[in-house]
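**Q** So you can see what is in the structure, the chains are spelled out below.
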Amino acid sequence: QVQLQESGPGLVQPSETLSLTCTVSGASVGSGGYYWSWIRQAPGKGLEWLGYIYSSGPTKYNPALQSRVLMSLNTPKNQFSLKLYSVTAADTAVYYCARVDLVGVVLIADWGQGTLVTVSS
Amino acid sequence: DIQMSQSPSSLSASVGDRVTITCRASQGISNYLAWFQQRPGKAPKSLIYAASSLQSGVPSKFSGSGSGTDFTLTISSLEPEDFATYFCQQYYNYPHTFGGGTKVEIK
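In order, the protein sequence lines correspond to chains A and B. Positions 509 to 629 (this note's numbering) are the ones given, in order, by the first sequence. Positions 8 to 114 (this note's numbering) are the ones given, in order, by the second sequence.
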């Protein structure tokens with residue numbers, strides 16, 4: 509059974525870069541045709557899809573964040589990462605990583621527990 | 008972006024009750040709709056995909072229906088472990104978007 513665990517700083521300064529890592533066990537990030545995804549939920553708000561990096565490397569980002577986001581794979585460590593540049597208080601949220609298996613209309617998602625990142629000085 | 012709206016945003020119900028949650032898309036999404044359950048402090052869990060197909064291991068008390076713009080999630084008989092937040096997600100277009108969630112609380 510796949511398990512995902514987010515890690516990274518819980519506090520980030522405004523205008524700095526938010527960096528999170530998702531460590532995966534029970535599956536290989538570099539194979540299997542999965543969409544390794546990031547989703548966030550700001551306090552009191554709904555969920556926001558940030559984007560994904562596919563097992564073979566292509567990425568797709570939410571246009572609302574396109575200019576500030578970068579996702580990458582680290583296959584030797586079986587991890588994938590999120591970088592969000594030039595953060596503001598609006599980026600304060602619980603960040604989730606997820607493995608998404610999406611083939612046609614079939615979508616199966618396994619999520620991590622989430623990690624709270626606060627943007628504040 | 009496709010906007011997803013859920014109603015109600017919260018509800019109170021008793022063990023044994025039948026509960027229905029509605030999700031509406033701002034444009035047609037065929038049946039590209041998923042439902043998730045999130046218990047407090049836990050990772051979201053996939054319940055349903057393709058609007059009405061149960062994920063493996065999900066009990067049959069959960070059911071989904073709908074197509075196009077209007078969808079429902081029904082829990083036929085609430086049990087204590089079902090008190091959680093439920094949210095829908097469309098995956099018809101990118102960016103994938105979520106409903107605001109429905110919190111099911113104990114009456």
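Hints in this document: simulated from the structure, not taken from any laboratory. The beta carbon of each residue, even a glycine, is placed where N, CA and C say it ideally should be. Mixed in with the good hints there might be a few duds.
Simulated crosslink set (DMTMM-like; lysine to aspartate or glutamate; CA at most 20 Å straight-line) [as the list claims (entries may be wrong)]:
hint, chain 1, residue 1, chain 2, residue 2
1, B, 110, A, 556
2, B, 49, B, 8
3, B, 52, A, 524
4, B, 52, A, 556
According to the in silico footprint, chain A covers these stretches of chain B (three or more CB under 8 Å from chain A) [to be verified]:
hint, segment
5, 26-36
6, 84-90
Partner residues are not named here, just some residues of chain A that face chain B (Cβ under 10 Å, in silico) [stated by the list, open to error]:
hint, residue
7, 512
8, 516
9, 562
10, 565
11, 571
**Q** Work down the list of hints and note, for each, if the structure agrees.
**A** For each hint, the structure was consulted:
| no. | hint | verdict |
| --- | --- | --- |
| 1 | 110/B <-> 556/A | holds, 18 Å |
| 2 | 49/B <-> 8/B | violated, 28 Å |
| 3 | 52/B <-> 524/A | violated, 32 Å |
| 4 | 52/B <-> 556/A | holds, 16 Å |
| 5 | 26-36 | violated (count 0) |
| 6 | 84-90 | violated (count 0) |
| 7 | 512 | holds, 8 Å |
| 8 | 516 | violated, 17 Å |
| 9 | 562 | violated, 13 Å |
| 10 | 565 | violated, 17 Å |
| 11 | 571 | holds, 7 Å |
In this structure, the hints that do not hold are numbers 2, 3, 5, 6, 8, 9, 10, in rising order.
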